[in-house]
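*Asks:* The residues making up each chain are set out below.
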Amino acid sequence: MEISIHDFPEAHLRALANTGVRGAVMRATQTFNQAREERYAELPDVEALKAYAATVKDHTLEHLDYYLGRLADNIESRGGHVHFALDGADANQIILAITQAANAKLIVKSKSMVTEEIELNHALETAGMKVIESDLGEYILQLEGEHPSHIIGPAIHKPKTEVDELFHKLYDVPLGSSADVLAGKAREIIRQDFLNADVGISGVNFAVAESGSIVIVENEGNARLTTSRPRVHIAVMGLEKVIPNIHDLGVFLKLLPRAATGQRSTVFVSLISGPKTDLEVDGPEEFHVVVLDNGRSSVLADIEMRASLRCIRCGACLNTCPVYQQLGGHAYGWVYSGPIGSVLDPGLLGLSEAKSLPFASSLCGACGDVCPVKIPLPQMLVTQRTRAVSGGLMPVAETLGIKAFKNLMKNPALYKLSSKLGRFVKWGKTMPNLGIAPLSSWQATRDFPAPNQKSFRDLWNEGLNTEAAPKLEKPEASDD
Amino acid sequence: MNRADFLARVQSATGRNPKAPITRPPAPPSLNPIQDARVLAQRFKLENERVLGQVHLVESLEDAREGLKTLLIGKTSYVSSSHEILKEFALEKNGLTLLEPKDADVGITGANFAVAATGSLAFSSSHGRLATLLPFHHIILLKASQILPDIEDLYAKLGSLELPSAWGMHTGPSKSADIEQTMALGVHGPGRVDVIVILDS
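Which chain is which? The protein sequence lines are A and B, in order.
The first sequence begins at 1 in the numbering used here and counts up one residue at a time.
The second sequence begins at 481 in the numbering used here and counts up one residue at a time.
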């Protein structure tokens with residue numbers, strides 16, 4: 001997906017003006033939020049479970065090269081192939097080589113944010129292959145030429161009326177048909193792609209090091225079909241997806257569905273450890289796993305940001321964020337949006353590109369509260385802000401304005417003088433916008449109360465007393 | 481990038497001492513005590529039907545055969561998996577045509593395990609995958625003794641077994657809410673799932 005985070009100052013205004021999308025996003029996120037809280041409440045000690053999950057993830061990240069080595073050895077022992085990709089270009093080259101060796105014409109994909117990140121579809125199509133997104137939401141977006149706006153529900157921004165029109169235009173489905181009818185048509189059409197595809201490409205939710213397995217969770221069954229019917233299966237993963245053992249899934253698969261969509265379990269879970277064995281009647285003959293860095297190792301090295309790699313891509317922080325709820329995902333300008341995007345994107349792409357995002361927050365802290373792996377998102381947002389300021393990335397006017405404000409507040413005589421001057425003019429109830437940073441930014445969308453004619457100090461010096469205040473004895477003057 | 485360079489890069493990022501021993505955090509929360517198979521079967525039925533499956537609790541194998549016959553009324557073709565439980569059901573005598581998974585009306589399979597707390601079924605690829613995925617209607621024959629209490633019990637179990645190329649955990653019919661949060665069944669996996677649970681082991 002093209003990177004346009006730097007566009008955020010304009011993009012977010014466009015998003016706010018789009019009331020159709022705002023409504024759809026608000027409805028979807030509210031539904032997710034309610035369901036998540038209900039499912040979390042069913043767990044005997046959800047905080048302990050989250051803390052344990054965080055511990056396991058931290059341990060794995062601390063020893064990540066070891067666990068990646070174990071993952072690769074175990075996959076290869078069962079006939080699978082593991083490839084390591086430094087960046088998106090590297091990954092696309094590897095995947096192209098596999099598909100070309102397989103003489104692939106048609107590729108079916110199940111939902112994968114990491115393949116959006118590296119723009120895999122574009123690379124495959126440029127090389128002359130046809131790529132079909134099989135997840136219904138992604139399929140609809142693909143037909144419309146749009147990008148996903150939410151890491152779990154890629155098309156939550158799309159009102160049904162638009163889907164109606166699309167299916168009517170392409171497949172002659174009558175307008176106003178129920179979701180069932182539209183879905184039935186999609187089943188019929190995409191079914192042919194599952195049956196005829198040469199290669200299936202999937203993402204990975206978890207990669208289990210000690211067994212050499214990958215795990216994919218979903219509700220439609222398109223990932224099960226993508227990874228079972230085509231002759232070749234390629235799974236693409238960020239290097240941070242590793243967990244040590246299969247029994248750890250008992251914790252992670254307890255948390256992920258509840259955090260993401262408020263389900264006790266997703267409808268389908270695939271635990272894939274290799275190509276089909278000689279005795280099995282179906283399944284892929286080739287199994288490949290592509291492990292991608294693309295900036296993750298520098299986030300790993302960054303101790304203050306390392307915990308963001310715990311992320312299991314549940315989307316809870318997006319759903320609960322009051323800013324995301326108003327904007328939807330597209331305004332954030334890249335694959336990972338919401339609070340996790342605001343923390344991760346600066347790490348993967350640099351603060352010059354992504355600096356707007358940590359500031360697009362009221363720091364309400366809701367994201368940190370809901371995270372199933374206890375990523376300290378609010379603190380990380382502040383850290384990114386600090387780095388943006390000390391990195392000289394803020395507008396000059398703001399930097400100078402804050403400096404002036406700081407000097408004023410540190411100097412009692414200056415403060416007293418400015419206080420007097422401020423009261424010299426009769427402002428009325430609110431201050432007019434005099435274009436003085438940083439106050440002027442505040443005043444662009446909020447009122448700032450005007451100072452009273454007399455300051456508190458003035459009133460105090462004039463003998464301010466409240467009737468209800470208890471009489472205090474004046475302390476005796478001491479000799480020392 | 482080659483493996484050695486990639487892992488060296490990652491190791492450097494972790495800042496760890498490669499000679500230090502690696503002790504992972506202690507095991508996850510303890511497993512649920514074994515419960516009565518009938519109790520687990522009742523819970524399984526509750527949870528599976530909550531996610532729009534259908535569960536038929538029957539006492540005996542004979543009742544299960546009757547149940548299956550009823551479910552197959554109106555169907556013309558089937559496909560099955562190679563699970564041992566199906567030997568008891570003489571599927572070739574049910575009057576349906578045996579077709580490939582992509583053409584069959586109904587897939588009739590066993591399962592390896594079930595999970596009561598979520599209403600899930602676990603299928604090993606060693607019995608065949610596509611019979612559980614392609615037909616619109618999926619019928620599963622299960623013994624109550626195969627039902628485990630919760631998912632941590634399932635994954636502890638799977639972690640102790642020889643691994644097939646794929647385990648598939650299915651929890652009710654396929655669902656999508658991608659069209660403005662309205663639920664649609666059967667895109668792309670089975671849209672109708674019936675489980676016959678035999679209580680008497």
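To be clear, the hints were calculated from the coordinates, so they are not data collected in a lab.
Do not take every clue at face value.
What the hints assert, rightly or not - Now the stretches of chain B that chain A is said to cover, found in silico as 3 or more residues with beta-carbon under 8 Å:
#: 1; segment: 531 to 545
#: 2; segment: 569 to 580
#: 3; segment: 639 to 650
#: 4; segment: 666 to 672
C-beta atoms are modelled at their ideal positions from N, C-alpha and C, and glycine is treated no differently.
*Asks:* State for each hint whether it applies.
*Replies:* Each hint, compared with the structure:
For the segment 531 to 545 of chain B, the stated coverage by chain A is not satisfied: 1 residues place a CB nearer than 8 Å to a CB of that chain, which falls below the threshold of 3. For a cut-off of 8 Å, the count of residues in the segment 569 to 580 of chain B with a CB near a CB of chain A stands at 0, and the three-residue condition is violated. Counting residues of the segment 639 to 650 of chain B whose CB lies closer than 8 Å to any CB of chain A gives 9, which reaches the minimum of 3, so the coverage claim holds. Note: the segment 666 to 672 of chain B has 5 residues with beta-carbon separation from chain A under 8 Å; the three-residue rule is met and the coverage holds.
Hints 1, 2, counting from the list given before, are not met by this structure.
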